[in-house]
Each structure stands twice: as C-alpha cells, then as structure tokens.
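Respectively, the protein sequence lines represent chains Z and E. In terms of this note's numbering, the first sequence opens at residue 1 and continues consecutively. In terms of this note's numbering, the second sequence opens at residue 1 and continues consecutively.
It is worth saying that the hints were derived from the structure and are not from the lab. Glycine is no exception: its CB is placed at the ideal position from the N, C-alpha and C atoms. Misleading hints may appear alongside valid ones.
Stretch by stretch, here's where chain E covers chain Z in the computed footprint (C-beta under 8 Å, at least three residues) [stated by the list, open to error]: (1) 142-155; (2) 201-208; (3) 340-353; (4) 439-451.
2 protein chains.
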Amino acid sequence: MSFEYLTNIPLDKARADYLNLLRENGFAAATEVIPVWDACGRVTAHAVYAHICAPHYAASAMDGVAVSAKDTFGATETTPVTLRADQYTVLDTGDPIPEGCDAVIMVEDIVKNGDGTVTIHAAAAPWQHIRQIGEDICAGEMILPSHVSVSPSAIGAMIAGGVLEVEVIRRPVVGIIPTGDEIIPPCTDPKPGDILEFNGSIFSAMVRQWGAEARVYPIVPDKFDEIKNMVAKAAAECDMVILNAGSSAGREDYSVKVIRELGEVLYHGIAMKPGKPAILGRQGAIPILGVPGYPVSGIIVVEQLLKPLIDHWLKAPAAPRQYAKAILTRPVVSGLKYQEFVRVRMGYVGDRLMASPLSRGSGVVSSFMKADGILEVPQGLEGYEAGAEVDVRLLSPAEKLKNTVVVIGSHDPLLDELGDMLHVADSELFMSSSHVGSMGGIMAIRRGEAHAAGCHLLNTENGVYNISFIKKYFPKGGVKLIRCVGRQQGLMVAKGNPLNIRKFADIANPGIRYVNRQKGSGTRVLTDYLCKQENLDTAAIYGYDREELTHTSVAAQIVSGSADAGMGIYSAAKLYDLDFIPICIEEYDLIVPDHAWDTPQVQQLISTLKSDEFKEKILTMGGYTVENPGEVIAVE
Amino acid sequence: MSFEYLTNIPLDKARADYLNLLRENGFAAATEVIPVWDACGRVTAHAVYAHICAPHYAASAMDGVAVSAKDTFGATETTPVTLRADQYTVLDTGDPIPEGCDAVIMVEDIVKNGDGTVTIHAAAAPWQHIRQIGEDICAGEMILPSHVSVSPSAIGAMIAGGVLEVEVIRRPVVGIIPTGDEIIPPCTDPKPGDILEFNGSIFSAMVRQWGAEARVYPIVPDKFDEIKNMVAKAAAECDMVILNAGSSAGREDYSVKVIRELGEVLYHGIAMKPGKPAILGRQGAIPILGVPGYPVSGIIVVEQLLKPLIDHWLKAPAAPRQYAKAILTRPVVSGLKYQEFVRVRMGYVGDRLMASPLSRGSGVVSSFMKADGILEVPQGLEGYEAGAEVDVRLLSPAEKLKNTVVVIGSHDPLLDELGDMLHVADSELFMSSSHVGSMGGIMAIRRGEAHAAGCHLLNTENGVYNISFIKKYFPKGGVKLIRCVGRQQGLMVAKGNPLNIRKFADIANPGIRYVNRQKGSGTRVLTDYLCKQENLDTAAIYGYDREELTHTSVAAQIVSGSADAGMGIYSAAKLYDLDFIPICIEEYDLIVPDHAWDTPQVQQLISTLKSDEFKEKILTMGGYTVENPGEVIAVE
C-alpha cells in the first residue's frame, strides 16, 4: 500500500462536520415499544398521554363511613346527629364512594350505637376525605413529553394512567471489530508477540455506560477482504461501527481503503493527541469510525467522536462535563498543531486542587484507570508551566477528590496496600500516589502539593535516614516525620543467579553489567554510600552511569537480559521473579506537613499504619521490618 | 385486630439504629466471581493484582528495524553507519524485540541499499522505541484496590494484566411484595374499587438505579397466613424485603404482626411525613421493611430507609446529595413532630432559583414525577414563609434548571404541548408550568418568579382581555403581552346532556346543580360577566357559591354526578368525555417580563409559538382559534 499523509482537521470541526454529514444521509434514532415497567432511564420517543384518570373512580381517602353531606348538616358537639344504617356505608381507604354519597367521615369521629345507627358530632363538608376522579392524572392529559428520560415515578404515573407500553428511543447498537494478526483473545499465558484483545471490552463498557448496546465481532486478521466483509456485516447489523486498529498509514493499515470501498471517508487524521490517525467514515447512514489500536488513543477517539453520535441518537442532552480549576504540579509541553488530552491524578491539598500529569504513553491503559481528570490543551497552545492554574475536566467526583490523601515521593508497593486498607476502613476516603523519588517528594511537600511523601534518604556522613534532610529542607519545621517500615534493599539478579553474585562488591566484577538508579533517588544515594564504604571505583563499574527511574524498570532491564544486577527493594525483585541478595535494611518513612495533620484522611492514614492488620499485611509481603509504624520521629 | 399506636422515632436515629441492628445480626454483602468484561460499574470485593506484566515482552513501539545499539555508535549525518543483514531485523509496532537487540530505529530513519544492508545517519540510544516489560503493569502489582467501582479502562488494565475473572460485590436482591384485596395487576380498564399495582414497578426501578436487583412477588390478598408465607419465602430468596402496604395500624394491616412472628420489629412509626407508618423489621440478617401503600409515602420510605442499606451492602460511598439555595414561591406549613419531605418544582428566573411546592397528597404520584427537588423540613420546624431562602435537595441537574422556562399562572393543556415542542426543538431546554390562575400568574411575574404567565382576564367594562390588567398591575411597564390563542369557553355537562342545557342562561333553570370556579380565576371573571349580561341573579343559581380550583376539578364534579354544569374550556370537557356547549372565545395570552425576554428559553418559546407546527397541533386539539401567536400585543 502506498504511504498516505493524514489530514489535520481541528477536532471541533471534524466532530460537527461528521454529525452533519451523517444526518444528511439519514442518521437518526430508531424507536421501539416496550412495557412501561422496563422503561426506567429510557428516553420517550413521543409525548405520553394518560388513557384513564387516576384515581379512575371517586375513592375514600380514609377508613370510615361514606355519607351524604346534607344528612350531617347541623351536627355539633352539643347537637349530634344520628344516621340510620341506610344513611351510611362503612369503607376503607381506596374503596369507591357509593352512589348518592358525597363525603367520608373518619372512623375516629364516629360513635357506633350498637343498633346499627352511628352518631356524629360534626357536619361533613361535601367531598371531604374523597379522592376525586383525576386528582392525580386526567385521561388525555400529557404524562411525559417527548425526549425525556423515564423516572421510576413516571413509570408509576403511566401505569396509574392506564399506559402499559411506551414508545422509546431504541438503544443504538455499536458494532466493534478488532483487527490485527498479532491480536489474540484474552488469556493468562500469552506468547511473546501476542497482544491481548482488550480494547473491545473497554469500548463495550464505555458505550454501555452511555446508553448504547455493544456487539463485539471476532478478531479479524490483517487481510483486506476479511476486514471488508466484517465491516459490511457489522454495518448491516448495527447502527454504528468501530473498526479498531489499522487506522494509521502503515503497511498493513487497510481501514481507510475498506471504508472507501464500502462508502465514504470524510476525514482521515484529526488534530488531536492521542488519536490523530482516527478515520471518520460512513456507509449510508451508518457511521464507521476507524480507531487507533493503542488503548489510550482509542478511548479518547471513541469518547470525542462516537459519544456525540450516541448522544444525538438518544436525544438526551449530554450530561454537562464538570470542570475544575487545578494547579499543575509538573509542566505539560504540548504541540501547537493539535488539541491534546493529558490524563492527570488529582486531589485537594488544603483548599488547592492539585493535578499531576500521568504517563502520556498511549499504550499505558493503567494511566487512564488512575486518571481523576483530563487536561485538554487546546490546539495552538504549547502547554503549561508547573504551578499554572488550569481547567481540568473531572473524571472523578469532586467529593472523592476532597477525601483523597495525596502521596507524592518515593514509591513502594506498601503504599498501594495502605491505600486499600484506608478505603476499606472508611469507604469515603481514597489514596492517590505519584512516584517521583524521595527528593521529588520533599519538594512536593515544600510546594504544598501533597499530604504525605514517601522518603528513604541516607545521610552518608552518619548512616542515619531522613532526619538530616528534614532539617535541611524544612529549616523552620512545619512537617512531621512518620515512621513507616524498614525496607530490605539488595541486589536484583537474574533468576538462579547465573553469574554467582554474592555480595555488594561483586557488582565491580569483570563481565557484570550493572544498571543504576537516577541521581537524587534514595536508592542511588544508598548505592553511592555503599560504594564508598567498600572503596569501589564507580568509574570501573560497567553500566554505573546507566540510570533507570524506578525499582521496577531496573528489574525490567534484568529480566529482559540487558543487565545483570541492580540495587532495588525485595518487592520489585519478587514482582519480576528475580533472585535477590539482601544488602541492608533502610528506613522508609513518610513526611507529613503540619497543615495536613488534622485532616480526616491523614488521621485515617496514621490509624491504618498503626493497625495490626497493616503489620500483618506488610510481613506477609516479605522484605520489610515493622517497628512502631505511625510513630512520630523526633527530628531535633 | 387491636388498634396500635405508632412510635415517632426521629428519622436519623431510626436509620442508624436499623443498620446497626442488622449488622449485629450478620447483614453484610455477598460476593461473586464474574468475567472482567462484565464488571463495569461493579464494586471490587478485594484488591486485584496483575498475573502477568503488560507488555509481557519487550515490544517495538514503532514500525522499523531492531538493532543492537552498540552497532550504531558513531553514526551521524556525515559519518553514516551501514548495518549488515544479520545486524538488524525488520519489525512492526508491537513485535517482540529479537534476542541480542536493544533498540529500534524508525522506518523513516533508514536508507535501504538494495543489497540487504541498511544505512543509518544517527546512533540509536539503548532501549529507544522499545516498550519494556511491565511498562504499563507489573505482574503482582495492585491493579485495583478493594471496594471501588470498575471503570472501562480498569477492565482493559485487568485483561492486560492477565486477570480474566474478578470477585465483586454481588448486587443485593430486593424482594417486593404487594398486598391488598383491592390491588390488581396493571390494566387499562379497571373497575371502580380496583387499585392498579404500580408501586412494585416504581420500587423496582428505584432499587435497580441504586445497583440492586428487584424481584416482584405476586399480589397477596389481605390474609394473615398468605402474607406471612410470602414474606418468609421472600426472606429466604432475597437479601432485603419490601412489604408494601398494610403498614399503618388499621383493621387489615397485618404487616407488623407478620414481621413479629417471623423475626423482630425494631420500630413501627417514624417521625417523617409522608411515610410515618413505616415498619423497620428483620428476619435474621434480612431486613424486612414495611412500606405504606400510598406511592409518594412509599417512595420516600424506600429512599430514606432502604437505600442506605443498599449503599452499605455495595460498599460504595453514596453519591453526595446535591443541594441548592432556592426561594420558596409559596409558604410551606409543616408539623413540629416530624421531618417532612415536600416536593418542589424549580427553575432559575434570572439569577434566582425558585422553588414551588407541589401537591403534598401522598397519593399523587405525578407530583413526584414533576418534582425537581425535595425540600426537607427538619423535625421541630413549623415550615417556611413564601420568599424564604431554603436548601433544596436537587432531583434535576442544575443545568436543566438553568435551561427551564418557568410558566406560572392560568393553566391550559396547550402549555404541555408547547413545552414538548420546545424540548423537541432544543433538547437542552425544558418547560416547568404551575397552575395558580391568571391573577396568581400576574403576581408571580410581579415578584420575579416566572418567565411567563398564562392569563385570560376579561375587563367586564369593555369586554377586552388582559390589557387593562397589565396596565393596572404593571403601571410602570416592564412586561410584554404575547398573543397566544383564542380559547373556547363553554358549559361542561354530563355525556349526552341529559338535562338538555342549551345556552348559558340555562344554568339558572330549576333543578340544575351548578359548580363554579374560585374568585380571581379568569373563568370566574367571565362567568360573572356573562351573568351580568344575561341579567341572571347569581344568588338564585344553585351551587354558584361552590368553588373548584381548576377546569378539570369542575369536570370531575360533573363526571362523578355531583353537579350538572360548570363553565370551562373545551379541552377539559374532552379530557373527561363530557358534552360541551360553546359560549364564547376568550383570549388566552402570555405575560413575559422584559428581563426574561432575551433568554434562550423565552426566545425559543416565542419561536415555537410562531411555528406552523404549533398552529397545526393546536387546531388538532380542538377548542382553540389561532391568529398570529407569538405576536407582541400593544398595551398602550
């Protein structure tokens, strides 16, 4: 196939042009008639009118007796009136009013005389305690207008009005076609090169949340005719089609050609990132949307370009997007030529809503899962500086952001466990943690961006952790140092330890390829210190200048065979099934600013740290020691 | 059965005590294992950990060639490097990195030489364009904590992490038992005394919205043993039981006794209105909630006392309730002894959010359907005055309230049609109309509470409609009078006109029972005027002092046989299938304050009034004349 350059249509224009083109070609909602009791949340196709009145007969509103009001005139405490048995009828709430009666007297206001007569001490007003015909709903009256969502009480009103079926907008059916030779159905033991098909599950869940139905077709290999046949089948069976992957302009990317042969391609290439290679196509009135294969790109494209079609179909105004002003914790650099969607984690620290950009890799689906909001950088803007106030579209409810403990700094898997226990203990509290290393955590606390920072910084002069850094970076105080865990640091090596590494100094052995952590990380400070203690010449250690940003990326280098050893914590070695040579126990603590100390989320965090459950969990994980977690460490 | 006095437990205490009692008796969520692709919106039972890394192999992030980075060192624009065929491997995005390679060069940066070699003009950095193992998710890493809702992207992350099944909180099953001899399944032709069973459909829709499943049992007659057997069956099959009706202390109300025999009654009688006779009971860990039969009472009881149990079960924090400050348009009188829930219609007029109390009848389910909010009057407060600023719990989104045209005044069914057309024309706009008569509408406009008021007030001096009232009540101007329709007024009489009423003066005939409208209503003004014209002695007209508040309630009196004739509009007669003797055409216009004129909702209202579609609709309805609707009528 020939290489084809993509267009760069602004997203708003693309979205509007697409809907207009489709409408001109007959794109519109279908309707269906369903029982009213199944109609909750569905959208009325037309106004609904009552068939009968509710109540449909004059009914007693009380337990008592029905009478003719004029028989009771003149009754008072001093001049009671006695009614003959043929002058009243006993009835319960809801019973019809007998012919000739026009009032109900409550059972409490009647004296039974034993001879069948009753005595009353007050006159009845005409129509008292009677629910008139049509009090609730009149036959012929409009119960619901067109194009509104049916509520539970509206279901009751329709049934009361004798309406048992209602014509509603049919949910549109979205056909989803995964393609690609390398794509395989979900499994737990894929072979190298296999890519698990999960975009179909993501898109299905998304469109169902928006009120559509999803139909996922079998995976189609990268063969033009097979793709074309499947798209034609889906377009015949569905109201909208997502053709997943094959939307870029590479060698096996047949999507554009398939859609052109079946119908029309409006645009190929939208000024958005991620998602640029999206294809806006159609066959007749059926939209066919070519969606990139990377999950994050796909999610953004489906949300930005398919959801408006579903909203239009369902005739319900789209729920307004919630935006909030937030402070960026790190700069965001964007391109002038496209609108960019940056996922951010968020949380309130004091009154300030902080937003930390997440990984922008379009293959990193977990970043979308962790996102509390989307920063939409407009086309024509180069981005924002750290500390800038930006409008963020919220994915998490504001309440959640107010109840989130924001942890920034050195990462450790125990933070995930701590967050889990915190939320289990109080379902309204959440934890958000970002991994920027120990020094990054200290800086975040100084800037007022976090409730807590994980920190394990060794003073190489005296071998004491964290305290001297607190004194240096918070000379006026204002923070507490909270004891957390002792953490086993050591050398991660390949499974089976093929190079027979036994002690720290072995990293200087000939033939050993070392992989290091970045300067400023707690582990790097420790490694430098150990080298000094052992009198190792770091320049002579192969790979000592090769820096990775996390424990897990060091482990990944070793697993993939490109390095033989690296310092890291036990849990990282365990995650990657590496061998581990313990070197020392370091202190991993939390720094908490005084202004956050009394917040419910921090207090719950401390309670959780102090709990027996936390200790048990940590010891089960292995590689940790625990002694008085949650204790405030004296810094002076 | 003996009469039993109900307790009056404060609602908050009742709710808390009930949950505590149930928890002590083992009330807790059950879990189930389901495929992850079905888990959207479900709540995790435990933390979910990845089984495999994602990517699970080192993968190319680009289309290009895989190389060993060291083979490329030194390559620049001026000193290109040529690689032999055995020094590179062609690959596509997602392909695994071959053994011995540690970098990918993009296809655009390669020159193919035709002899199998390729030339490059820049060195490759180690690990460039390679997605490392675990870049997205590491095996063993926590993907989701406990007790959180599963999002579409979390489904993707779980599948990518090799997790194909997830343990989630099972949706609780709520059994709903309708009882009552008079209750029949929904139908379109009930007989007098039949009450259509629709509470079960309302409660089902409510609990489904909250994440539970509903199971409605067959209607049980008012027989103690049958009710007891059905409750026992439901308690064995469900997680929670609603026993509907029979919760008051009347003669056929077996609920309390049934629950006591099966288990325990905690409270019978809660300090709430509506809903006081609610019963909080249980059998073992299964809550059995006795709910009053009137639908509005039932809705409030289920929302206030069952929803907290469902929220607790689902371990998801209840979505925070949205409150807004609003101005009451009418006084609300409440009792000191209970917390009251008053349904209100709402809309913004200018910057002020107005709240108009709806019917407080607990049988009026349509009032719940029309409600935009609930005014919660605390126990111990006697209510609020008109004009008071109150906190209202919102049922409608704030966006809808901002886009609602608020019409207060004389009612006419054409307003429903107008509101329908308005919303169909622009799905973001809505109409809310309240019926307080023509003078009530004028007063609402004067107080700044409405965007428009329906008005048909006759100047009996000159026979001209509306203009003199505008001059009188808006002496400084500030409003526009908008032509709407000519409306057929006439006498409504029983079907077949058995008393042979032919003209207006016949209402004074002997044996005719007249039913009138309230003073201040446009129709009453007209009726008084007609009497004067015909020289009728109103004191001699039987029932002239019997006043009803709406056209339809006048019609209801005639349908029920308690009156023979009443003035009203054609459409009311048609709604109730009455005969109609036309008397005159009146002008039904809209008053719009200048400050509302330029709002999108009023402008759309005027456009709709002017549309051909409106004219056609109105003429189809019958009883109207249309001439230039939407035109501004000169008042001077």
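- Message: At least three residues with a C-beta closer than 8 Å to a C-beta of chain E: is that true for the region 201-208 of chain Z?
- Response: holds (count 7)
- Whether chain E covers the region 439-451 of chain Z (at least 3 residues having a Cβ closer than 8 Å to its Cβ atoms): As far as the region 439-451 of chain Z goes, the hint is violated, because 0 residues have Cβ atoms under 8 Å from chain E.
- Count the residues of the region 142-155 of chain Z whose CB lies closer than 8 Å to any CB of chain E, then report whether that count reaches three. holds (count 12)
- Coverage of the region 340-353 of chain Z by chain E, judged on three or more residues with CB within 8 Å: violated (count 0)
Hint compliance for this structure: hints 3 and 4 are broken, all remaining hints hold.
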